[in-house]
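Q: Reassemble the complex: the two chains are provided individually, in unrelated frames, and hints are given to aid placement.
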Amino acid sequence: MDRRDSLKSMFLGSLGTGLMLSGCTTDIAPPDPQIAKAADNYFGRTPEELKLIEELNEDQFFNTHEMETLETLCALILPANENYGSATDAGVPAFIEFIVKDMPYYQTPIRGGLMWLDHTANTKFNAEFKETPEGNQKIILDSIAYPNPDKPGWEQPLEIQFFTTMRNLTMTGYYTSKMGLEDLGYKGNQPNIWDGVPEEVLQKHGVSYDPEWIKKCINQDERGVIAEWDEDGNLLT
Amino acid sequence: MQIKESSKMYDVIIVGSGAGGGMATKVLADAGLKIAVVEAGPYFDPAAPEQRTQLKWPYESPRRGASNRRPFGDFDSAYGGWDIEGEPYTQKDDTRFDWFRSRMLGGRTNHWGRISLRFGERDFKHKSYDGHGDDWPIGYEDVKPYYDKVDKLIGVFGSKENFENEPNGFFLPPPKPRLHELFYIKGARKSNIPVIPSRMSMLTKKINDDRGICFYCGQCSRACSVYADFSSGTCLIFPAQKNGGQIDLFTNAMVREVTTNTEGKATGVSYINKEDRKEYKLKGRVVVLAASACSSARILLNSKSEQHPNGLGNSSDHVGKYLHDSTGASRSAFIPELMNRDTYNEDGVGGMHVYTPWWGDNKKLNFPRGYHIEVWGGLGMPSYGFGFNPNDLNRFFNQKVGGYGNSLRSDIKKYYGSTIGMAGRGESIAMKDNYCEIDPTTVDAFGIPVLRFNYKWSEYEVNQAKHMNDTFEEIVHNMGGTLLQDAPSKESNYGLENPGRIIHEVGTTRMGNDPATSVVNKFQQLHDVDNVFIVDAGPFVSQADKNPTWTILALSWRASDYIIEQLKQQNI
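Protein sequences, first through last, are from chains A and B.
The working numbering puts the first residue of the first sequence at 274, with every later residue one more than the last.
The working numbering puts the first residue of the second sequence at 661, with every later residue one more than the last.
Be a bit skeptical, because a hint or two may be false.
As the list claims (entries may be wrong) - Derived Cβ-Cβ restraints for the label pairs, each shown as a range:
| # | chain 1 | residue 1 | chain 2 | residue 2 | range |
| --- | --- | --- | --- | --- | --- |
| 1 | B | Tyr1004 | A | Glu322 | 50 to 56 Å |
| 2 | A | Thr396 | B | Asn728 | 34 to 40 Å |
| 3 | A | Ile499 | B | Ser851 | 38 to 44 Å |
| 4 | B | Asn970 | A | Thr381 | 48 to 54 Å |
| 5 | B | Ser851 | A | Glu327 | 49 to 55 Å |
| 6 | A | Glu322 | B | Asp753 | 32 to 38 Å |
| 7 | B | Ala1147 | A | Thr381 | 32 to 38 Å |
| 8 | A | Gly497 | B | Pro702 | 31 to 37 Å |
| 9 | A | Ala367 | B | Asn1026 | 51 to 57 Å |
| 10 | B | Gln662 | A | Trp427 | 57 to 63 Å |
| 11 | A | Ile499 | B | Glu1151 | 53 to 59 Å |
| 12 | A | Leu431 | B | Asp1021 | 52 to 58 Å |
| 13 | A | Glu327 | B | Asp1002 | 40 to 46 Å |
| 14 | B | Ser1070 | A | Lys451 | 17 to 23 Å |
It should be emphasised that the hints constitute simulated quantities derived from the structure, not laboratory data.
As the structure is a computational prediction, the values presented were derived from the model and not from experiment.
Glycine included, each C-beta is placed from N, C-alpha and C at the ideal position.
The shape of chain B in the complex, shown without the other chains (with noise of 0.2 Å):
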């Protein structure tokens, strides 16, 4: 059977519905283009009651919300994770890569944690301060503009405090602290360790009338019904549709190329419906791809041809090279402060209220970049796991461990809220040597090649694991408590996380000047053909210690901007 193709022609083609090409189709829509979206996963709207998962109480889940189905647990809105069946990847060496895709529409905007952080002058500019990876072409004067305008159209929580290389925004307040958040902000401030409120994009305050106001349960992981977080379905493409975009919207369409013409130039894309397992193409004059910095590099590498032998955009031989992830490592501890507590409800916003910037010096230290640290607690929602070990914290009192009856009640009120854990997520330094390619040898289930991984941490990442331990057992200390874990061995690397676990891969694409060492320009826009582009976290040179999501949708905005203009002057 022939490809089928569609005669219309787009304007521009978006892969992918996650933040970036959330962003692209709002902007690029709203400025009357006409546009298709192709997502390789269903549609997903958090309101439709088939599809709600918020607001469910754990038995209405026959596995009570556990996470051996969903790797965040029944209600958790991902549908997707680490492994999917039908769409392997492979492992260079030892390389122990872990990469969560989430198929649907919004992609992983939908469960992510809503960190939102700007970066700073700094990490647009690391190489100037510390000698490793390099410089971006752009600087934060450049993205300003756009994250003012992202703060102001989504919204964000948080606090003007005008710390070094954490850049005030347009915030709206932020909730006020939980009590073992208090307790945290105790036991950090005694070692002069900052504690601010956090900065995350739920609306504490309403900012337009088609969006709900937070009402703090405490489940943004499942994406809100209200539309009161950020997911790219519920604030950017469904207003761009409401606004009367022209978009058409394809689901359960997994991209295998972009297609070229005998000029080089994209004309459009190919996709296998999974409904019908079938290939088609679709026509336009320009292609963004937003399909997740390694989605979009595996995108790139199949798209070979004539013109492009080493795969599109890929003449400088970098795409997918620089892929780098957060560093990641987290304790947990008992606070017998924390006991006996009455029980109010405490779900506030889905995720911490309060958090702690980067505040060493990196000069001093024996790694180069810095990390946040992100705490929990609190007296959350039991599931499948709440009440194991019911007991087990006696030991800290020379108590029996174990037992049955009516003293396991008391003994789950006693300890209920008492514990709190503590998570580093850190800056790694972008290497050319940590990447992803194609394997030739395996195919998933749709005929398209595979991801295969190569990535090593170096002794900076190490370090830096090492330090957040460190800091994880001060601050406990601090607050009294004891921590539930023995302190991990070298030989674990002090507990960092496989790179990928973070689920912040970026760098596969990455902007420069240099056609010869970059990917893509300043504006995203492939060195190689005028005419795609790139708006997820490919382009990003280096990661800096922040969620990605803020700067991925400021980013693509000042790209889809660029690529109005270019279209007004008939340049693409």
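Next up, chain A with everything else stripped away, as it sits in the complex (with noise of 0.2 Å):
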């Protein structure tokens, strides 16, 4: 087969199992389980890109003192409530480690604070950050947790600078999880029909539809009707 005969043959291929919705259908027709195996590790990555994911995790940049003082630190930034888990418990620590691989500007920033948070815990405590108690643990975080609000990012003492980094890292991991989005309540991705904003939402923020704007819209019970117009683009149908 050369080449442009199986260009041709991927694209008759393609076009067999493409996915087609009908009518008011939202059901996904479920891919070929094989590939559908494969494809959740690519999430639609080029074979380039794919190789430089697992080039990178191939590395360990952080060490096993440091994966446990994240695992400590990212607990503490977002601590466990009744309903859901800490940062650590959504896998925050295994993000971060990714992340400072591939944005590798966060390497010495993040290191090095972890060295600082160490090096205080010892001077004060006499013990490592992640081995002094959690009363401790505060008393370190609260005289770095709180930025000058008059100063700009770049000119916060590097130690600021570093929990600011540690706080966007760790929120973001958290709610960038499976377990973040639901405490979030995010209830989108998914096949739906959107109708407007429910009614009590827009009481709530004292907002209404104009009817005249709601006329023009479409009327979801005919989404699957096909448009048919005049000839002065009226539709019909």
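A: Set out below in structure tokens:
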């Protein structure tokens, strides 16, 4: 099979598996399980992108002590509550391990920041940060968790910048995890039919739909009917 | 090694598979012609499981969708960006032109915003209104039948508004506004700034049995796996193939030049196969360039021969000239009345459900052309960056910023969905002094000389950007909100983005009746060579404050009809 033929058959193959929605059905036909399994790892990566991720995953940046310190720190920044686990439970330390390899400018500030934590804990409490009791850990964090609001970020002392970075990565890691998305109450990323803001929400925020505007909008009961127009562009169906 | 030449003779070779190339492929293949489509990137089908990013969760990307690898984030469908390894471009003097390229079947139509606006009567004849630039050699009445056909073939939602210079079309009904869009409508109307339903190419209603209907995931930038939004591959090239079209698709094939014979007529193209890095030739009766305004100009300028010493189609020395992009400036704001939201699925279609068309009277303003306003906000899906500075907005209430612990959870929920953004997209004046040219000192990884850009905004664009910022401030004030950034200074051109940044670059092979001042005629045929056509945005004489895609599609269809006619009459 020459290159062109293989492209043609690739085309035909993909049309065959094309996922089509019809009518009001919102279920997506399950693709070939073998391909779907591989696709889970791809999330649509090109071969080059996939290779880069594999290479990054082969390296380990943080040593065991640093990983354990991250676990302690992330769980202090966002601890468990009655409904959800901590940022550490949501896998944030592993996310940070990947991010510092993917965005190397984080490496020195975070590695050095973790050493700053240990140095400070050793000086004040004669123990490394992760070993000292939570009360002591919080005494240290209280000194670095509140940046001076009148100064830009880059002018803040290094330990405050470090903590801001850790809080940012912890929060973003948590709220992009399965647990965090559920905690947030994010309801999207699934097939559905948008038919406007719920009435009680409109009332809560003191707004309403203009009936003239709504008249122009899609009647979702007719979304599956093929569109036809008169010659002036008035929709007939 | 010799250049490998295919023995097959094509009726038409189409270079590029984006909006212009896809439409030419569809129309010409449907007419029974033998077509070669030559695309610089790989095959792409958003329905293919290994290429699909739609409906993936942020945690499926180890970088949680961050934009450090793909410029618009890990889930965006564009393969390419502003900087592509092995494909440099250079800048003249202090020019900062940013050139976005998507190397893939369907090109930039896979990730674009789907904002599908017709040019109006005034947009084709702007010189007659304000004395700037040039009129097109065609008018709205020439393009209208094709806009109508594009609306019906591809599908666009919108509403008949009878709004000046914003023509009606054959619209599907629009989706209802989201909560923050209702606030925007209220805020804008208070200042008599109009807001109307968006006009975008997603199927809110069925148009045929081949394409799915929008299921409101808000992810059009990821390209739709049920083909419910417009991408060139899914809506033009695949259907043309399915319809039995004789189409050979060459992917990963970077066109170097158009080949010509001793009479100066085009004989085909030569390209580099990225896989084996060898040069190949294809033969065709007609060559259609649709590689994007700047890429097509580059191919022409690199197609030098004894008959065309200044590059193909460049006897006028106009190839590359009159390059222009949309202007852009944006601001965001915090709206306290949008705090403490109940959550519900507010994804909607990808992008805005409402927008502001240009409403001003330029005769009373210090800039001659208009802009439209795009709006964003809402309960979007978190990705990398969400949760940074989680309680920064506390500063508006004189509360402490920073800290740690479970109070951060309530801060996140309190502010989720309470910010809104506005972006102006305006028309710049096409100027001969803004151009791209071949940089004879620099080569790309395929041995092809690269483009060098020379571009300066004029005070018209800067004044327009100031007006955008003033407007945003007024609307935000009306919404009871607070701007999140200080007003940009005069020194920063009032936040005016670098040219190229809005990815609407057009004008490099402009159309005209006079071969001395234009590159193609009104059917987008080179003045110099009658069997070469250009169907991307290169032929645009001026750009309007409209996104160019719908006009590229209409004009490509029109040019393709002309090619069929000319082939029938054996004129080419």
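Q: Each hint should be assessed against the structure and marked as holding or not.
A: Cross-check of the supplied hints:
no.: 1; hint: Tyr1004(B) to Glu322(A): 50 to 56 Å; result: violated (34 Å)
no.: 2; hint: Thr396(A) to Asn728(B): 34 to 40 Å; result: holds (36 Å)
no.: 3; hint: Ile499(A) to Ser851(B): 38 to 44 Å; result: holds (41 Å)
no.: 4; hint: Asn970(B) to Thr381(A): 48 to 54 Å; result: holds (53 Å)
no.: 5; hint: Ser851(B) to Glu327(A): 49 to 55 Å; result: holds (54 Å)
no.: 6; hint: Glu322(A) to Asp753(B): 32 to 38 Å; result: holds (35 Å)
no.: 7; hint: Ala1147(B) to Thr381(A): 32 to 38 Å; result: holds (36 Å)
no.: 8; hint: Gly497(A) to Pro702(B): 31 to 37 Å; result: holds (34 Å)
no.: 9; hint: Ala367(A) to Asn1026(B): 51 to 57 Å; result: holds (55 Å)
no.: 10; hint: Gln662(B) to Trp427(A): 57 to 63 Å; result: holds (58 Å)
no.: 11; hint: Ile499(A) to Glu1151(B): 53 to 59 Å; result: holds (55 Å)
no.: 12; hint: Leu431(A) to Asp1021(B): 52 to 58 Å; result: holds (54 Å)
no.: 13; hint: Glu327(A) to Asp1002(B): 40 to 46 Å; result: holds (42 Å)
no.: 14; hint: Ser1070(B) to Lys451(A): 17 to 23 Å; result: holds (21 Å)
Violated hints amount to a single one, hint 1; each of the other numbered hints is respected by the structure.
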